[in-house]
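Visitor: These are the residues of each chain, in order.
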Amino acid sequence: MATLLKVANLHKEFTLFIPGAKKIRALENVSFDMEEGEILGLTGKSGAGKSTLMKCIYRTYLPTSGSIRMHLANGGVSNIAHAPEHEVLSIRRTEMHYCSQFLHAIPRVPALEVVSEGLRVRGYSREDASGQAQKCFERLALPEELWNAYPSTFSGGEQQRVNISRAVLSRPRLLLVDEPTASLDLKTKDAVIDILLELKASGTSILLITHDAHTLNRLCDRCLHLENGALRNAVPVRNTEKV
Amino acid sequence: MNHQEDQNWLLRVRGLTKIFGQPCDSSIAQTGPEHATNICPETGAVVAIADIGFDLYPGEVLGIVGESGSGKSTLVQLLHFDQEASGGRVLFQEVDQGRTNILALSNQRKRFIKNHLMGMVYQNPRDGLNFNFTAGGNIAEKLLMAGTFHVGKIRGRAGYLLTQTEVPVLRMDETPASFSGGMQQRVQISKAVANNPPLVFFDEVTSGLDVSVQAKVLDLIRKLQQESGISMIVVSHDLGVIRMLTDRTIVLKHGRMVEHGLTDQILQDPQHAYTQLLVSSLL
Amino acid sequence: MVAATKFQSSYHYGFIDEATKKEIRRKTLKAVCIPGYQVPYSSPEMPISRGWGTGGLHLTLTLIGKSDVLKIIDQGSDASVNACHLRRFVQMMADCAVTFDTAQATIIQSRHRVPEEILTNRQILVLQVPQPEVLRGVERFEARTRQMHGEADYSKIWVSLYEAYVRFGATMRGSGYPIKVNRRYITTPSPIPRWDTPNLSMAHCLYLFGAGREKRIQAIPPHTPVEPLEFEDVKFRVEEFAGIRCSVSGESRAFMDEIFNGEGHRRHVINDSNFLDKLTSGERPPQRVFVNS
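Chains as they are written, first to last, in numbering that gives the first Met the number 0: chain A, 0 to 242; chain B, 0 to 282; chain C, 0 to 292.
Same shape as in the complex, but just chain A (with noise of 0.2 Å):
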């Protein structure tokens, strides 16, 4: 399998100044790999630095040194590290996808439009797009009364399921999810399984943030530890061997 994306060396230091110029260091010298169409973990306590390290990939965070190298779907590489800025926008709306913990969407949009959006981006028709988004809702139990209402008044559950929704539809070549599963009901995160396993099968790769064993035992072909901002294994374990 072709390599998707290089992590190499990737320190990650934030400096904050209010109050006292102050350091803290969260990720350091980390390195690894990922193949195209496969799901790596990423596991650790709270605060080892598994979202700081997701952040930093899709640019939310600025590395402090380091590269991270994506291969372009044009076979192009991309240091996201260090790219343009409108390189980084451009591949966040053709080729990566980032689902946080918590949705962001803007205020005032209807869920189902939230949804369809990034669908409609890419030149689906408005009906087709929602004609999606209530499927991808129905599986995920999202009651219908919820569809036309907005999401910021949601429950977490439902914003999670949202969340989760918008980025499957968007397809993209990299997802990265942070805790899909954490505030769902046991059937409700099968459901969320199943999609990214879906997902998986059509060709697109995800690192995953989870806390939750069978979620990661599911859905996980190797995965990582981090531990105080920096790998625990040089070599990556497979998660059948250990959680």
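A hint or two may mislead.
[To be verified] Only pairs whose alpha carbons sit at most 27 Å apart, straight line, appear in this in silico BS3-like list of lysine-lysine: (1) B:K222 - A:K134; (2) B:K109 - C:K234; (3) B:K152 - C:K234.
In short, the hints are calculated from the structure, not lab data.
Being a predicted model, the structure only gives us computed values, none of them experimental.
Fit chains B and C to the known structure of chain A by using the hints.
Guide: Below, chains B and C without anything else, positioned relative to chain A:
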């Protein structure tokens, strides 16, 4: 990524500078965020902005954020030719394939560019609208300047835009003076985008509106951007506006760019002390 | 005494002193060179007050020679009080011949009308202009209007036409309809009715416009294209006198005056007095009539 895409910018700004008053050789060196002033200590010249450089790509929304007096408005006013720059180059892909510094063109060429290829929405509707004309007449002005001399087409387009911006079409032939602030702002937006220009500037468009009206105006701008893919430069001191509307952000302080980055990066991982202060002040 | 000898003889030929005449002629030439452009000039004192035709007098008196034949009309009439007095004044100052006959005149000074009869390449029409600035209605400041002319920034005048159409459903400017001269400057050709506007375009004669109070000279040289501003779907129209005939001559194709008698009865008479005289004496002077599309 391949190198060719780097040439796809829509607007390229380099070394843009505006100084009010008499500058001396060291006016620029003695002002800026590290001196905590934009007033030259020797001559009293005000360095409104200095050495601003960025590229805007098609379909992007660029935010410009900073406190009052940081030079945000001056920056867009220079780009819209409302003021004359003291120095710098601005290249615009739509003009001579981006080979000409549009700041150095004749007033007539500048007016052509402004009328045909740009739109501007000011903080104060009185700056962008002529209150002696009707709402429809104001939109007509932009269309006439861009070469539409057909009353039927003008009225059709004005009616469509006012519907889109939720201004009752029945009030098209009233002057905006009788409109509420939010409606005036929406008429101004209709005017700015009337001829589908590739680039539109928004200067503090929601300041002074109450929050529900503010939300409507923001929703409108977002909808317009989504549907037409217009490139936009949005000036605001309100990080909420910046977060909602923009892809990328430039942070200005004392007329200098202290930081630029993706908007979510600026908000979640600000690098500069000033930006951190700004973000931490977000309600 | 020096003073006595200096003022013993009567006035200069043509009333205006030679240096000022020279200046006005130079400004007139400049106006001819830039059709439709408002050339500022000195506008010297006249024995009538500014606003009563001084701009027209300045042009006439600097153009005229003893061999010229002068005609002065006011609102189409040779016989109005103003026309009579101005005619007598110029005749006195320039020692020239005067006439009522449009075809005979070499210089015609007029207020608010272009004669119905086609003017020839031997003739100059001098028009008195109260307000030469077409943009004054939409822009108060002279500095701004000059810049607008300089940059051909005419959006505001277009919007005012649009608004007039929207408000009234038709062109409501009775006189001084804005025109574009030689595809460049937009101007108002003095308050002539719309009926006369098409006659300014590609004419054989020279049109000069003098605004004495505002101190501006404009010109439309012979064979200059002049277009009234119009929209693609709302065209310029001249006044229509549908079903109306002149109560004196019975003619219908001319600009008419509407006259009410004491009982409120209405009748129409051709406004151009010399044209009417010729019609009633059986002549048919050449005329250019614009037909609305």
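Visitor: Are the hints correct? Go through all of them and say.
Guide: Going through the hints against the structure:
Pair hint B:K222 plus A:K134 holds up; C-alpha atoms about 25 Å apart against a cutoff of 27 Å. Distance restraint check for B:K109 and C:K234: the Cα-Cα separation of roughly 30 Å exceeds the 27 Å cut-off, and the hinted pair is therefore not satisfied. Only pairs whose Cα atoms come within 27 Å are accepted, and B:K152 paired with C:K234 is accepted, the gap being roughly 15 Å.
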